[in-house]
Amino acid sequence: MAERQESERLVKLLSQQGDVLVGRWIEGVSHTLRGRLSVLELDRELRELYSALVEGLRAGGPDWRGEGWSEVRALLTELSRNRARQGFSPTETATAVFALKELLVPDTDTSQQDFAAYLELNRLVDALGLFTVETYSKTREEIIGAQAEQLLELSTPVVKLWDGVVAVPLVGTLDSARTQVVMEKLLQTLVDTGSEQAIIDITGVPAVDTEVAQHLLKTVVAARLMGAECTISGIRPQIAQTIVALGIQFGDIVTKATLADALKHALRRIGTSPEAAAATVRGAR
Amino acid sequence: MSERIPVLRIGDVLLVSIQTDLEDQSVLDLQEDLAERIVETGAQGVVIDITALEIVDSFVGRMLATTAAISRILDAETVLVGMRPAVAITLVELGLSLGGVRTALSLERGLAMLGRAGGVGAGRA
Numbered sequence: 001m002a003e004r005q006e007s008e009r010l011v012k013l014l015s016q017q018g019d020v021l022v023g024r025w026i027e028g029v030s031h032t033l034r035g036r037l038s039v040l041e042l043d044r045e046l047r048e049l050y051s052a053l054v055e056g057l058r059a060g061g062p063d064w065r066g067e068g069w070s071e072v073r074a075l076l077t078e079l080s081r082n083r084a085r086q087g088f089s090p091t092e093t094a095t096a097v098f099a100l101k102e103l104l105v106p107d108t109d110t111s112q113q114d115f116a117a118y119l120e121l122n123r124l125v126d127a128l129g130l131f132t133v134e135t136y137s138k139t140r141e142e143i144i145g146a147q148a149e150q151l152l153e154l155s156t157p158v159v160k161l162w163d164g165v166v167a168v169p170l171v172g173t174l175d176s177a178r179t180q181v182v183m184e185k186l187l188q189t190l191v192d193t194g195s196e197q198a199i200i201d202i203t204g205v206p207a208v209d210t211e212v213a214q215h216l217l218k219t220v221v222a223a224r225l226m227g228a229e230c231t232i233s234g235i236r237p238q239i240a241q242t243i244v245a246l247g248i249q250f251g252d253i254v255t256k257a258t259l260a261d262a263l264k265h266a267l268r269r270i271g272t273s274p275e276a277a278a279a280t281v282r283g284a285r
Numbered sequence: 001m002s003e004r005i006p007v008l009r010i011g012d013v014l015l016v017s018i019q020t021d022l023e024d025q026s027v028l029d030l031q032e033d034l035a036e037r038i039v040e041t042g043a044q045g046v047v048i049d050i051t052a053l054e055i056v057d058s059f060v061g062r063m064l065a066t067t068a069a070i071s072r073i074l075d076a077e078t079v080l081v082g083m084r085p086a087v088a089i090t091l092v093e094l095g096l097s098l099g100g101v102r103t104a105l106s107l108e109r110g111l112a113m114l115g116r117a118g119g120v121g122a123g124r125a
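If you read the protein sequences in the order shown, they are chains A and B.
Its first residue numbered 1, the first sequence is counted upward by one per residue in full-length UniProt numbering.
Its first residue numbered 1, the second sequence is counted upward by one per residue in full-length UniProt numbering.
The following block holds chain B by itself, in its conformation from the complex:
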């Protein structure tokens, strides 16, 4: 039984901080939880922080893109932050360029990006 990844709320933004390497099941759980929370809170933005993520496979890579697509349909802009160089290289080698996903170097910049985009009160809620 894998642990569930917490979805935290900061104002209008939901923060998902992934602290462990992902298993297939936990990614699927996360997708479900996140979709529910977006509807529940009416969040305008989602920040997925993968600073601690060291290993990705094609499944996790694809799921990140799908999660972003789901959030967008629910009217929440998604920003993927803190990707490590090794992870980026792996995703590129796997042929996953995560087309529609916005990215930022750090959590701070990700939040700022959301703030600029839709007037979301990030960080000051």
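So here's chain A without its partners, still in its complex pose:
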């Protein structure tokens, strides 16, 4: 029950000169943020947090994980999420909470009772500070995850080259996750556009090892299963040498040196002569 008393004492201390304390807190925090956040916004944020904190102490006592503190936790989560998105450093984010400690500093006149309350506040602020940092890093991880996903999407466009011919220009290293995305996108496009010819252009793939080759083969076989033909193009001389040296068998899969050759091949396969196609293009101009 001693802790309960300390919490009550703390509530009293914090609410007695509430405005003065919040003012000092805001001032301290805005100093570390060096004007990157508007004072008005900071003022609103911290005032809200302060009253939630006092309320939490009153209702929930010292147990910051408890029901009574849910408001404080929600506000802190929002605060650290915003800071993470706005690009503040973890230190700047956590300082906002740790600066609370500076408000109540014991001196020689401090009574035994107050001293215990101060220690209590210290303990609480530490816990809340860590909570803030944790939320901050979690948000950062979410952002990184989302970006990685976007990058994955960005790096695998499926383009339509001709009626019935689609191509995927692959750029960068192929791994299982990317192959999966490429495969799904390519196959879906084949269905959506009703294309019977697909070209996978690997000009932008820096190296082909057995794993990458395996992934390519899988994609080609999957396309074949759906009733489409797949050509692999953009094989550079060094890569051709590597493929042969590694003993990778492409079997009956058509491979071409350049995308242009592959397009020619695909056009022939769908029954359009490349010359007629070229004439169509010239006519369109």
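Since the hints were made in silico from the structure, they are not lab data.
Treat the hints with care, as some may be off.
[Stated by the list, open to error] Covered stretches of chain A, going by a simulated chain B footprint (3 or more residues, C-beta under 8 Å): (1) 183-191; (2) 225-239.
[To be verified] So the derived label-pair ranges between C-beta atoms look like this: (3) A112/B to Q86/A: 54 to 62 Å; (4) T280/A to E108/B: 23 to 31 Å; (5) Q238/A to G42/B: 54 to 62 Å.
C-beta atoms are modelled at their ideal positions from N, C-alpha and C, and glycine is treated no differently.
Fit chain B to the given chain A structure using the hints.
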């Protein structure tokens, strides 16, 4: 008791349209029915439409290949049409490339393919 998958006749072509996810027993039934119908009608081609098929396992995958092989022995060319991307990926991951089976993107193209191959009067019967 699983339902039997209907085998429809269009001219010289038999059409099998699979509308539900397949159970092992229904695949076996289908194989039996199809073989009988090919002999009965003297069909030249078989189109298996799996547009609605969303889930395959290795058994169903293998059975599709076997069904095609059986039809070929009975002198009917088989075309597998409308495979979904997810199904294709699954089959590849399972290591089933359905070697001798011909495939087409859509039912229309499958029928056209049969028409080209053996002068089968597809679609106009």
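Hints and how they fare:
Closer than 8 Å: that is the beta-carbon criterion, and the segment 183-191 of chain A has 6 residues meeting it against chain B, so the requirement of 3 holds. With 4 residues carrying a beta carbon less than 8 Å from a beta carbon of chain B, the segment 225-239 of chain A meets the three-residue requirement, and the given coverage holds. A112/B and Q86/A have their C-beta atoms about 59 Å apart, which keeps the hinted 54 to 62 Å range intact. Distance hint check: the CB atoms of T280/A and E108/B are about 24 Å apart, consistent with the given range 23 to 31 Å.
Between Q238/A and G42/B the C-beta distance comes to about 56 Å, which sits within the given range of 54 to 62 Å.
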